[in-house]
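Engineer: With the first letter of the sequence shown counted as 1, position 102 gets the number 101 in numbering that gives the first Met the number 0; the numbers rise by one all the way through.
No lab work stands behind these hints: they were computed from the structure. Please read these numbers as outputs of a predicted model, since none were measured by experiment. Backbone N, C-alpha and C define an ideal beta-carbon position, used for all residues, glycine too.
Computed beta-carbon distance windows for the label pairs:
no.: 1; residue 1: Lys103; residue 2: Lys162; range: 38 to 46 Å
no.: 2; residue 1: Asn149; residue 2: Glu44; range: 20 to 28 Å
no.: 3; residue 1: Thr99; residue 2: Lys3; range: 14 to 22 Å
no.: 4; residue 1: Lys54; residue 2: Lys151; range: 30 to 38 Å
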Amino acid sequence: MLKKFLPNEHVKSIFEIHPESLKEKGIKGIITDLDNTLVAWDVKEATSEVVEWFKLMKEHDISVTIISNNNRERVSVFSEPLDTPFVFSARKPLSKAFKTTAKKMNLKEEEIAVIGDQVLTDVLGGNMAGFYTILVVPIVQSDGKITRINRKIERRILAYMRKKGKISWEE
0 MLKKFLPNEH VKSIFEIHPE SLKEKGIKGI ITDLDNTLVA WDVKEATSEV
50 VEWFKLMKEH DISVTIISNN NRERVSVFSE PLDTPFVFSA RKPLSKAFKT
100 TAKKMNLKEE EIAVIGDQVL TDVLGGNMAG FYTILVVPIV QSDGKITRIN
150 RKIERRILAY MRKKGKISWE E
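Using the sequences and the hints, build the whole thing.
Structural biologist: Here it is in structure tokens:
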């Protein structure tokens with residue numbers, strides 16, 4: 000069961016994720032978290048670097064959908080200027096939103112990477128849905144109330160996995 004909490008890959012930020020390496024893995028689509036993955040949780044709009052990253056993915060025919068547990072207003076304000084599909088109130092880690100999104104993207108499980116900053120929502124949900132998962136370091140160390148609780152649990156899981164030799168990266 001604990002292996003469901005292990006990402007396939009760990010990077011410092013989305014900017015270390017390149018379309019060429021995704022394509023080598025057979026990835027044609029990305030389902031990405033929003034808060035603390037693309038921008039800090041309290042930043043409303045995409046930075047110019049994030050806009051460029053989205054353009055780069057589009058240029059390489061990698062489709063991107065944003066999937067968030069946040070509300071419609073928060074997710075739409077960020078996603079619509081990027082002309083990017085989104086899912087709000089996704090109830091991650093439940094796999095329904097992931098699988099529905101994959102179907103809308105018209106891609107197979109093995110063609111999708113899930114990117115996120117949380118083990119308990121993004122990685123667990125992506126793994127349970129059968130996708131390739133990439134854990135990014137949270138952009139900022141502050142979080143909303145529920146996420147702070149998740150982070151405490153997450154730290155324990157990661158410490159246990161580190162102790163067992165399952166992961167080698169440092170926070």
